[in-house]
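Chains as they are written, first to last, in the working numbering: chain A, 1102 to 1154; chain B, 1230 to 1661.
Treat the hints with caution; some may be incorrect.
Claimed, not checked - Straight-line C-alpha distance at most 27 Å; calculated DSSO-like pairs for lysine-lysine: (1) B:Lys-1317 <-> B:Lys-1478; (2) B:Lys-1559 <-> B:Lys-1317; (3) A:Lys-1148 <-> B:Lys-1473; (4) B:Lys-1473 <-> B:Lys-1559; (5) B:Lys-1477 <-> B:Lys-1490; (6) B:Lys-1478 <-> B:Lys-1490; (7) A:Lys-1148 <-> B:Lys-1503; (8) A:Lys-1139 <-> B:Lys-1481; (9) B:Lys-1391 <-> A:Lys-1146; (10) B:Lys-1478 <-> B:Lys-1237; (11) B:Lys-1317 <-> B:Lys-1481; (12) B:Lys-1240 <-> B:Lys-1490; (13) B:Lys-1503 <-> B:Lys-1317; (14) B:Lys-1317 <-> B:Lys-1473; (15) B:Lys-1473 <-> B:Lys-1391; (16) B:Lys-1271 <-> B:Lys-1391; (17) B:Lys-1559 <-> A:Lys-1139; (18) B:Lys-1478 <-> A:Lys-1148.
To be verified - Here are some of the chain A residues that sit facing chain B, going by a computed Cβ distance under 7 Å: (19) Met-1102; (20) Gly-1114; (21) Leu-1122; (22) Trp-1123; (23) Ala-1125; (24) Asn-1127; (25) Ile-1129; (26) Gly-1132; (27) Thr-1134; (28) Cys-1136; (29) Ile-1138; (30) Lys-1139; (31) Ala-1140; (32) Lys-1146; (33) Gly-1149.
It is worth saying that the hints were derived from the structure and are not from the lab.
Where is the CB? At the ideal position from N, CA and C, for every residue including glycine.
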Amino acid sequence: MFPFSFEWIWDAGHMVFHGGLWYALNIIGIGITYCVIKAVVDTVKGKGSHGHH
Amino acid sequence: MDSALIPKGVKRCPMWQFLLGLGIVGAVLAWGVYAMLLCWFKGLNQTNMNDYYGFALWIWADLAVIAVGGGAFFSGLLKYIIGKDELKNIINYAVLIGFICYSSALLILAIDVGQPLRSWFIFWHANVHSMLTEVAFCLSCYFSVLTIEYIPLILENRQIDKVPFFHNLGHNMHETMAVFAATGAFLSFFHQGSLGGVAGVLFGRPFSFREGLLIWPWTFFLFTWSAAAYGPCFTLLITWITEKVTRKKLVKDNVVELLAKISGWMIFTYTIAKICDTTRWANITAPGLGQTLADFYTGTAFYGYWILFAEVVLGGLVPAIILISAPLRKNPVWRVTAIILAVLGVSLNRWVMVLQVMAAPVMTFDQWILYYPSWQEVATTILPVAYGIILIMISYRYLPIFPQEAELNPIDDEPEVEAVADAPADLEPAKA
């Protein structure tokens, strides 16, 4: 649920619950996006072609 | 014929044996899937749940797998945040077990809600006054975290790792894993706690009702604490079973003993807290609500005092003392006995907090009501076990789950394909 949904109420419950949800989803999303973009950049640069970490 | 996919330096059983094992467990899985489909297409009348038992075998199984799956978040916390580097040799397996436990929990919930296509309602039409909303939010997010922690293991498969992009992706995910592990620990704290909180706020059920801190009843903290304490024991138990099935030593003793020791101290402190909680509840909380301790334990032999003794002493104090005592912990027989008792103890705790809560009469005209699961419930509860075994079999065969396996089980003759395949010579075992 987003704040522009008709069911949304600006109270502590909604802010805490959904704030926590978005916080976690953002960290997961940003983290994964970073990993994928860096993997693309590394691949373009030719890293990882020898199969070592 | 699949030797090119098997990690380098380790030996696996013949393909026919592997497929035979998959077939046997797959038959059990199919039985569970059949029961699951019955529940979805015919409805929850396939179960023996009723007005007394709205939470029944499924929910016990759900809470139990979530508790024992706590080994993933706690091991991750110890490895990535606290810096217990030795645990890198068991963290892969802890993640796999956690992934199985949490996906099983979500599967059980998908059956339990009856209409899985509407599962998203809990996110969009959330009841922010419900602890179960928090559980749903955290459980879903934490499952995503476990998936992220499991993906690098898949990417380290010998053939997949040859693809530069996948190799780099796996490497980058390893590098940033501390962020995901920290997020996982944060999410686990709240969803484990909220599962306990659900029981603690039931003021109409004096068996589970507890006082607490601000909005949190004690059960909130006891559930989180017990999951962190007992979860590693389940990881150790499954590792021990895997070693017995494969007839190989897969993890060095110092790693097992470290995790067992930490788990032992956690169980010990948890059990002390549990005894304090039970004492206060028996002497202050329950009498304040008009009931005595005997009301909860003497109505039926099935829920007699023995269950309290079994949970707190046999499943709490005894394994804790064994695991914190160095001579006993180093003895494999005592150690395995302790971890089995611990896993049974935490499962019994979840059973009590789900089933006995419902069974205990709260009105003068109420009687003890016993509950018997239907075969469909039993089948759908065994379903995740079969699924877990299959995932472990496939992961163990094709992924570098145990970094110490090659060292502990040196092989003289590599298969012919190894010499031909252009596998990288310096392929490392799984890194945590």
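Here's how the hints hold up against the structure:
1. For the hint linking Lys-1317 of chain B to Lys-1478 of chain B, the alpha-carbon distance of about 16 Å falls within 27 Å, and the restraint holds.
2. The suggested pairing of Lys-1559 of chain B with Lys-1317 of chain B holds, with an alpha-carbon distance near 20 Å, which does not exceed 27 Å.
3. For the hint pairing Lys-1148 of chain A with Lys-1473 of chain B, the CA-to-CA distance comes to about 40 Å; that exceeds 27 Å, so the pair is violated.
4. Between Lys-1473 of chain B and Lys-1559 of chain B the CA atoms are separated by roughly 18 Å; this keeps the pair inside 27 Å, and the hint holds.
5. Restraint check: the Cα-Cα separation between Lys-1477 of chain B and Lys-1490 of chain B comes to about 23 Å, which is no more than 27 Å; the hinted pair holds.
6. Distance restraint check for Lys-1478 of chain B and Lys-1490 of chain B: the Cα-Cα separation of roughly 20 Å lies within the 27 Å cut-off, and the hinted pair is therefore satisfied.
7. Taking the CA atoms of Lys-1148 of chain A and Lys-1503 of chain B, the gap is near 53 Å; set against the 27 Å cutoff, the hint is violated.
8. Distance hint between Lys-1139 of chain A and Lys-1481 of chain B is unfulfilled; the C-alpha atoms sit about 35 Å from each other, more than 27 Å.
9. Only pairs whose Cα atoms come within 27 Å are accepted, and Lys-1391 of chain B paired with Lys-1146 of chain A is accepted, the gap being roughly 16 Å.
10. A threshold of 27 Å between alpha carbons decides the hint, and for Lys-1478 of chain B with Lys-1237 of chain B the separation of about 17 Å falls inside it, so the pair holds.
11. Simply put, Lys-1317 of chain B and Lys-1481 of chain B have alpha-carbon atoms about 12 Å apart, close enough for the 27 Å limit, and the pair holds.
12. For the proposed pair Lys-1240 of chain B and Lys-1490 of chain B, the alpha carbon gap of about 31 Å is over 27 Å, so the pair is violated.
13. Annotation: proposed proximity of Lys-1503 of chain B to Lys-1317 of chain B is violated, straight-line Cα distance about 31 Å (limit 27 Å).
14. Proposed proximity of Lys-1317 of chain B and Lys-1473 of chain B is supported: the alpha carbons are some 22 Å apart, at most 27 Å.
15. Distance hint between Lys-1473 of chain B and Lys-1391 of chain B is unfulfilled; the C-alpha atoms sit about 32 Å from each other, more than 27 Å.
16. A threshold of 27 Å between alpha carbons decides the hint, and for Lys-1271 of chain B with Lys-1391 of chain B the separation of about 47 Å lies outside it, so the pair is violated.
17. Taking the CA atoms of Lys-1559 of chain B and Lys-1139 of chain A, the gap is about 44 Å. The hint is violated against a cut of 27 Å.
18. A threshold of 27 Å between alpha carbons decides the hint, and for Lys-1478 of chain B with Lys-1148 of chain A the separation of about 35 Å lies outside it, so the pair is violated.
19. Contact between Met-1102 of chain A and chain B, as hinted, is supported at the beta carbon level, the nearest pair being about 5 Å apart and thus within 7 Å.
20. At about 4 Å, the closest approach between the beta carbon of Gly-1114 of chain A and any beta carbon in chain B falls short of 7 Å, and the interface hint on this residue holds.
21. The restraint placing Leu-1122 of chain A at the interface with chain B holds, with a minimum CB-CB distance near 5 Å, inside the 7 Å limit.
22. Restraint check, Trp-1123 of chain A versus chain B: the minimum CB separation of about 10 Å is more than 7 Å; hint violated.
23. Taking 7 Å as the C-beta contact cut-off toward chain B, the hint placing Ala-1125 of chain A at the interface holds, the least distance being around 4 Å.
24. Because the closest C-beta pair between Asn-1127 of chain A and chain B is about 10 Å apart, greater than 7 Å, the hint is violated.
25. Interface hint status for Ile-1129 of chain A: upheld, as the beta-carbon distance to the closest one in chain B is roughly 5 Å, under 7 Å.
26. A cut of 7 Å between beta carbons decides the hint on Gly-1132 of chain A: the least distance to chain B is about 5 Å, and the hint holds.
27. Look at Thr-1134 of chain A: its Cβ only gets to about 11 Å from chain B, farther than 7 Å, so that hint breaks.
28. With its C-beta approaching chain B no nearer than about 4 Å, Cys-1136 of chain A sits inside the 7 Å limit, and its interface hint holds.
29. At about 9 Å, the closest approach between the beta carbon of Ile-1138 of chain A and any beta carbon in chain B exceeds 7 Å, and the interface hint on this residue is violated.
30. A distance limit of 7 Å between C-beta atoms decides the matter here; for Lys-1139 of chain A the minimum to chain B is near 5 Å, and the interface restraint holds.
31. For Ala-1140 of chain A, the interface hint holds, since its Cβ comes within 7 Å of a Cβ in chain B; the closest pair sits about 4 Å apart.
32. Nearest Cβ of chain B to the Cβ of Lys-1146 of chain A: about 9 Å, over the 7 Å cut. The hint is violated.
33. Nearest Cβ of chain B to the Cβ of Gly-1149 of chain A: about 4 Å, under the 7 Å cut. The hint holds.
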